[in-house]
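Asks: Spelled out, the chains give:
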Amino acid sequence: MSAPIAIKGGKDGLRLMLAEDAGWDEVLTALRSQLELGTEFFHGAELTIDVGDRALHEDELEALLTLMHEHGLQPGTLATNSREGRSAGRAAGISTRPTNRHVAVQQRPAEADGALLVTRTLRSGQVLRHHGHVTIIGDVNPGAEVIAGGSIVVWGRLRGTVHAGALGDTNAQVCALELLPSLLRIAEFMARTPDQRPGGPEAARIKDGQIEVEQWEGKIRS
Amino acid sequence: MARVITITSGKGGVGKTTTTANLGTALAMQGQRVVAVDADIGLRNLDVVMGLENRIVYDLVDVVEGRCRLRQALIKDKRFPELFLLPAAQTRDKDAVSPDDMIELCNNLRREFDFVLVDSPAGIEGGFRNAIAGADEVLIVTTPEVSAVRDADRIVGLVEAFEKGHPRLILNRIRPQMVNRGEMMSKEDVVEILAIDLIGVVPDDEVIVTSTNRGEVAVMQKGSQAGRAYNDIARRLLGEDVPMLVLTEDQTFLEKFFGAIGLRPRRAAR
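Residue numbers (my numbering), protein chains in the order written: chain A, 42 to 263; chain B, 65 to 334.
Here chain B stands alone, though its shape is the one from the complex (with noise of 0.2 Å):
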């Protein structure tokens, strides 16, 4: 039974397309069927992301107004041939599709994936109502900051409103040392305030900055805790009970110092 999953945040750069591009990887990793559909019409980055912007020729708004089959519009991605994009068209807004127009979308994507993936854009808006009509679950994404976490409680409310179940918090972009210190909101914080389930905590991470800037996802690269982070994420959308990843701390002096004569010293158990 193929699941449609919408990935949404409310407010905007805290992650949404980078979560949906290292969560459809990861979920094709895993032999999975994925699609990852970009909802967030008129600023479409999911395409960049995932490296396959130069393959577009039709896009979401094509198919929904019946300009191309929606088989011609999937673009199969480079490395994972069960992995593909459907991309959003760049020169068109939110309007150009209905909430109707998402459901039977999809639905006929459903027949052919065992995962659906909707990048939803940021706001609460006509986009975002579009990016959940179809929604079987929801995962939301939040920074540990006030004001992303303020408009990720708006969300949930919004999203037990519409009745799709009780959606599931990726918390992103966390700094263990900053957390240590008193600094940044901890997860426990940010899970008191939502009051929801916690599937995934993504720790801060230079490897997603390059490798989105290459066209690549971070649970392709070795040793990239996001990856991991996103990795584990998929395991537990897929049923596994994978414990949460115990962050690493601060490097310490030793390990700087291994680091710059290029040996790693083995951490203490994660």
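Chain A on its own, in the form it takes in the complex (with noise of 0.2 Å):
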């Protein structure tokens, strides 16, 4: 069977799926710990919430979106194919559609999830936040924030706080003309740039358990 949760961007938005055939505390603790990875990443950001074929009943749901609420997530709709779902959703408030999840998840492999490029210096106490890849052309000055569920590629100076692969993709990397962050993080691995260190073009990635940082050579693990 597959993980017990799945955080996908979409075009509609973040979709949260839930297996349906994994027990409901599994389920609610693969989230809570996947929420408690230490980012604010999912912090105000609506959900869709989808249990697919899942008989949900409705202290399920309550003790889900009790969770959701711990850390600031918005229920968006309820997807759901069962009728106990439907009552469930009802009962909480929330709209609820029927899922075609097997056909959606082919259709939306995670890399192809829309990136964003942006053209601009992000600056101190500046966040910005996307489920899927970030292109910056421009600098990450420090003190900016830059929260990606993809990889991160900075055409620019790299002095603030990144974090890659924040839905947890160990794939994901950190590109930059200037590697210096303040603080490098992807998935669940953490760096810090030491003190005394030269400039240059270098890519950051998950190898062996731990984040390495090699001369970025403009090519592009896929």
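In short, the hints are calculated from the structure, not lab data.
Short, incomplete list of chain A residues facing chain B, as computed with Cβ under 8 Å:
id, residue
1, T162
2, R164
3, S165
4, G166
5, Q167
6, N182
7, P183
8, G184
A short, non-exhaustive set of chain B residues, derived as facing chain A with CB atoms under 7 Å:
id, residue
9, R218
10, V220
11, G221
12, A259
For glycine and all other residues, C-beta sits at the position ideal for the given N, C-alpha and C.
Take each chain as given, in its own frame, and dock them per the hints.
Replies: Have a look at this one:
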């Protein structure tokens, strides 16, 4: 079977996919640990809750909504194919609709999800969040933050804080013409730039369970 | 067409008020009708720096709350009949006025003046938002310190978010000798980080301290490098193409010697 939870970005925003066959406790535990990755990536985000064919009960939905609320998530619509799910949604005051998740998942591999191009300098205090890849033509100054579900490419100086693969994607990478972030995170891994360090085009990615920085030769590993 | 220019910085103590007073005076010396508005409600300083402290009857909050007419609150400068001050209230706080009040106030001042210079409080909260609400242009003051530059960067982002165009930078209190020794950020370093246009570099100058304490401004002191730098900025605001001051080096032994016996050898071209 698949992972108990998955969060996918798509045309209609973020979708929280909950496994149909896993125990509900297992689902909630998995979601909690995902949300506690320490990122504010999801804060204030509206998620479509997709439970597929699971016969979702009212108290189960309520537990889920409480957890989401604790992490600042807004429930969007509830995508469900079961009669129980529909009535649970009605009881909680959430609009429901049928889901065709099996088709939808195949149509949207994560990497193909909308990438974002930003053509300005991110300044101290500015935060950029995006569920897909992010490319910035400009600098990321100290005190600025970029959080992306996918990879982050900075055509400029990167001196702020970045978190690539914030949804858990360990294949995400961070590249910059001058890679000097105050804090660099990829999925659940973390690295700090040493104090004395020459800058230059470099790429950071996860290798053997830790973040490794290599000269960026313009090749993006696929 | 009147111009409303807000002088701000993010960090406190980098010279916003000094800059406002000096630019206001310099513009008035160029024959412009100028009003300097102190938007630092509750912590007013501009009146002290301009030496007009004991002439305050009404203030900005009185105008906004309708206790007096705008004209009544304007204080005419001692030396320049074309220079006025609109002081802040000292007994109130930043919540006493709203951004809409400031826009209305600035628009009323436009009718009477060529330049409305608004002295912003430090910070990024309500007081700052009030100060830039009515602005056409923004000047950001920073010193060559990492913390001040970091705050200035934050302010640039906010100014852009409030759609106040491209702010320009005044780099204050630079010490050429320290820059040459590599102990202080140079203007190139600062501009590289902030990526905005530089309108002037003001050297660290003891005259600022002595003149401020007397309620006078550096632009009126002959031989003050800071005063000269502010005069140049005023001329740039008026559209003149003034080359950047090349800051002089440490005094040489001979200069010190001649200075001590009361003679001044001519400096090499600045």
